[in-house]
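J.: Listed below, chain by chain, are the residues.
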Amino acid sequence: MSLTPVVQLEVTEDHIASESRALSHSWAQPRGVMGFLSEVDHKRIGLRFIITALVFFALGGVLAALMRIQLAVPENQFLGPDLYNQVFTMHGTTMMFLFAVPVFEGLAIYFIPLMVGARTIALPRLAAFGYWMFLAGGVFLYVSFFLNIGPDNGWFSYVPLAGPEFAPGKRSDTWAQLITFTEVASLVGAIVTIVTIFKYRRPGMTLDRMPMFAWAELVTSFMIIFAMPAVMLASTSLILDRLVGTHFFNQAQGGDPILYQHLFWFFGHPEVYLIFLPAQGLMSTLIQTFSSRPIVGYVALVTALVATAFMGFGLWVHHMFAAGLPEIGTSFFTAASMMIAIPSGVQIFCWIATIWSGKVRLEVPMLFALGYFVIFILGGMTGIMVASVPLDLQVHDTYFVVAHLHYVLIGGAVFPLFGALHYWFPKFTGRMPSHRLGLISFWLLFIGFNLTFFPMHQLGLNGMPRRVYTYLPGLGWETLNLAAAAGAALMALGALSIVINAIVSLRRGEMASRNPWNAATLEWSTSSPPPPHNFYPERVIGSRDPLWDDPPDQPIIEGIRSDRREVLVTRLLDAEPDHRYHSPEPNVWPFITAVFTTIMLIGSMYTPWAVVWGSIPPFITLIAWFWPRRTDINDESYPVEKARPQLNEATGPA
Amino acid sequence: MTTRVLDVSRLPSFAFGHRSILWWATMGMILIEGTAFGLLAVSYIYLKWRVPEWPPGFAPPDLVWGTVTTIIILASALPNELARRAAERLDVPRARLWIWVSVIFAIAFCVTRALEFTTLNVWWDSNAYGSIVWFLLGTHTAHVVTDILDTGVLSTMLLIAPIDANRMVDVAENASYYYFVIASWLPIYVLLYLAPRLV
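The listed protein sequences derive, respectively, from chains A and B.
Each step along the first sequence adds one to the number in our numbering, with nothing skipped, and position 312 is 312.
Each step along the second sequence adds one to the number in our numbering, with nothing skipped, and position 94 is 94.
Take the hints with a grain of salt, since some may be wrong.
[Unchecked claim] Across the chosen pairs, the derived CB separations fall in these ranges:
#1 A:630 <-> B:187: 41 to 47 Å
#2 A:326 <-> B:53: 19 to 25 Å
#3 A:303 <-> B:107: 47 to 53 Å
Just so you know, the hints here were simulated from the structure itself, not pulled from any lab data.
All values derive from a computational prediction rather than experimental measurement.
All C-beta atoms in this analysis are idealised placements derived from N, C-alpha and C, irrespective of residue type, glycine included.
Sequences are here, hints too, so could you generate the full structure?
T.: Here it is as structure tokens:
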């Protein structure tokens, strides 16, 4: 007899009301300062990730503005060379490690459980720990910057420039330790995302019914797992060379600076896709909703994501064409780099087909998605150009590359992100964002972006190198740099208008219904904002676009306890119900562990003994974190003898 | 009015193996750290290619302690497996017994590992070869120490904390992670001890 029968039952309004009340109580978010620090609600953790990452985006933007002011006219003395080095390093480090990766992680932590129809995220305490580590790392970087020990060797921190010989002081160590903080945060984020997607999908949501954003985040999370260890290794060996006298990158003692470049770019190139792929998921989401039809080429799009991820690991050497590597190797990487255009092209054609055959609504999120087409495709074009060695050698380290990478990253990731933030604003807040202000933001950003970065292509071809703090008059670079400065001002206004929109709409925006954009994915099936337990009652999924295509009489799922934080765990491929699981309760120890880990990591910049003695407090706090409390005990299997009748069903293949 | 209901109330409240949340979290850790070990091994080979002789200027690490360590770590798979099986049968006394035996093995293994560090015949700051040897061995040792501490805490829990079925899942998953610690050691042993003698 099936353990999960579908039966005809009387489900009364009273039953639904009392269950909802019980769920709100069991899943209630803790209050007060301790409650704030103990939070395990994935929506709150996700939102904290997003807001913190946006604050760092603003800081990185201010740094960018400082550089544009400095370069607006030749021989400007606004920033000196040393400060300028720090500013461009901080800008790159902030945007890559403190904004782009965490913001998508925040979106995943907030929306993946909602999109797969789960009550929470898997391993919520780990997700909370990840957030605190991310926050600590970001604060550490900016405090260091203001203490004049901020990094100044570029976001890649190449040796020998960043090594012990040429970078005395603590600046390079700050960079290396920042990497540790952000890597820990990204890696735990990747694990919780994968486990949630594999095991928490609502019954009926087979893998081939998963929303595109979930696919994108799944693929991205696997990339994080395989890419991040490389940079951790690079930064750890760098700090070891600097602090304890190892010779990994010391040519004179058998080390090799090129090894650093390999390790860094084995991470660094996939890093671009860690930022780009989630945004592709957002593009599919936005285009489907605002074309009012199911996405064209679902399977092709998923395949393209997976193919991009695989190829993304075979491209890293194209960042090292100027390092003098054997020619046969570089030709391979040229071919691999050009090949990436194939899956990218597949995605773009699927989206064009969706728009073509759909009924397009030109809402603000859709405008941002359309902006992607213009900007990202231009970036992709220059990408194909710099993938070939002779052209790359010509423009390497010039503003042409700066133009290329900003077209790819801002077009490919930031525009879809802003579209998605506008799109999901009602879900976060329960209020609609202002359409008019959204239009203003879009046009300011779109025009400002192109005015800033398009001239840089020409500047690069005219020979202006990257990372110079000033230039002489008469080289023909003045007008284009001034134009870029004007564009940056427009972009700053655009960013400001988004902040104003958020504040005004939060206070005076129209109240949002459950599904104001008439979208198809599950996050829109619950109230805006969602209750702490996300959904009740929950219906079995019957199609890929449940809010559009599911028949109204899909079975309701009953039997998940409402008197504690219980979730239904399902099977990986077909999402058939497998077992019930008591999800962790709020707990302050992940926060305390993050505090002590921070102290240990910062201490280790000053003495290697900090690793030994500094590890003891986090070890103790970890014990406290894992020690079972009354509320953590599974009362259906305590004492263990009580669990014996369930044992047959709990072991072996489901 | 009646409606169709999928009733999941009779499903078990825990599960072992790949069905559990913890198994997947452990696999995630193993993938991350396996990648790190793989990249370290590649770095070792990369540095080897750059010099005409290997090890450059030093004798390879002495075989004795490294080999003893390898034997102990392989032998420790047995109590580890017995603890895992006992846990999957919800047999608390045996799980408790074998997990403690595992801890004792791991401690013995740490002692010989410490001796191993004394017979590497090179320091981390001697040259790049010394650096990568210490880094490889150090990283693996960090995993061993972490695993001992973690197993020690779990063993203590089995003595004094309330035990529900989820603790038994913890014991089983702790064992799968320990298998990774064993499995990751073997290629490192080959690289550090055998490769310099054979190649």
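J.: Each hint needs a verdict: does it hold in this structure or not?
T.: For each hint, the structure was consulted:
The hinted range of 41 to 47 Å is satisfied by residue 630 of chain A and residue 187 of chain B, whose Cβ atoms lie roughly 45 Å apart. Between residue 326 of chain A and residue 53 of chain B the beta carbon distance is about 23 Å. The supplied range of 19 to 25 Å therefore holds. For the pair residue 303 of chain A and residue 107 of chain B, the beta carbons lie near 50 Å from each other, so the given range of 47 to 53 Å is met.
Of the numbered hints stated above, none is contradicted by the structure.
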